[in-house]
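S.K.: Could you build the full structure based on these sequences and the hints that come with them?
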Amino acid sequence: MIQSFPPFVNFQTKILILGTMPGIASLEKQEYYAHKRNHFWKIMYTLLDNLPISEIFDEKIQLLQANNIGLWDVLENCERKGSLDIHIKNQKENDFETLFKEFSGITRIMFNGKESHKYFLKKFGQIKGITYYVMPSTSPANTMSFDNKLKIWSTGFQ
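Here my numbering is used: the first residue of the sequence shown is 20, the next is one more, and so on.
These are calculated hints, taken from the structure and not from any lab test.
Just so it is clear, CB atoms sit at the ideal spot from N, CA and C, and this is done for glycine as well.
Hints may contain errors.
What the hints assert, rightly or not - Derived DEER-like restraints, expressed as beta-carbon distance ranges:
1) Leu46 <-> Lys133: 19 to 29 Å
2) Ser173 <-> Ala85: 27 to 37 Å
3) Met20 <-> Lys170: 32 to 42 Å
4) Tyr64 <-> Lys33: 17 to 27 Å
5) Thr126 <-> Arg56: 27 to 37 Å
6) Glu47 <-> Gly148: 28 to 38 Å
7) Leu70 <-> Lys147: 29 to 39 Å
8) Thr117 <-> Leu46: 33 to 43 Å
9) Thr150 <-> Thr117: 18 to 28 Å
10) Tyr64 <-> Thr162: 15 to 25 Å
11) Ile43 <-> Thr162: 10 to 20 Å
12) Phe143 <-> Pro71: 33 to 43 Å
13) Gln177 <-> Asn109: 10 to 20 Å
14) Asn161 <-> Asn96: 21 to 31 Å
M.R.: What follows is the structure, encoded as structure tokens:
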């Protein structure tokens, strides 16, 4: 059984970015999107005009929070061989009811990939007052070019 990380959310969070479950590189480093070929941080730093990308995870989280962005995963834990979401089984979702009660300023969820959206929708459906955006996965398994990923991700910040 693999375990997700706690949420990086505060009372200023308006946008919540949700992945499905951290991959092997992230679990090993205990940092979101730690795989060196994952485009997540490059996309965030580019969209938030804050290049170069910090190597320090706490600084990455501070950048998101300074822009009212939170980060979490749909799943609390699951079984999975490797890092691909298609291999997930016996999953348990995180407690979003409590999260949205405590952090009521969240009005937008950006899903990092279709699988995170699928798992969230199956358990929670459409939550009133929150707009959903399904973004292309930033994973290196998604072979879409960085420029195309960046263009689509930018629509969620407009």
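S.K.: Would you mind marking each hint as holding or not holding in the structure?
M.R.: Each hint, compared with the structure:
no.: 1; hint: Leu46 <-> Lys133: 19 to 29 Å; verdict: holds, 21 Å
no.: 2; hint: Ser173 <-> Ala85: 27 to 37 Å; verdict: violated, 18 Å
no.: 3; hint: Met20 <-> Lys170: 32 to 42 Å; verdict: holds, 37 Å
no.: 4; hint: Tyr64 <-> Lys33: 17 to 27 Å; verdict: holds, 19 Å
no.: 5; hint: Thr126 <-> Arg56: 27 to 37 Å; verdict: holds, 32 Å
no.: 6; hint: Glu47 <-> Gly148: 28 to 38 Å; verdict: holds, 37 Å
no.: 7; hint: Leu70 <-> Lys147: 29 to 39 Å; verdict: holds, 37 Å
no.: 8; hint: Thr117 <-> Leu46: 33 to 43 Å; verdict: violated, 24 Å
no.: 9; hint: Thr150 <-> Thr117: 18 to 28 Å; verdict: holds, 21 Å
no.: 10; hint: Tyr64 <-> Thr162: 15 to 25 Å; verdict: holds, 22 Å
no.: 11; hint: Ile43 <-> Thr162: 10 to 20 Å; verdict: holds, 19 Å
no.: 12; hint: Phe143 <-> Pro71: 33 to 43 Å; verdict: holds, 37 Å
no.: 13; hint: Gln177 <-> Asn109: 10 to 20 Å; verdict: violated, 38 Å
no.: 14; hint: Asn161 <-> Asn96: 21 to 31 Å; verdict: holds, 24 Å
In summary, the numbered hints that this structure violates are 2, 8, 13.
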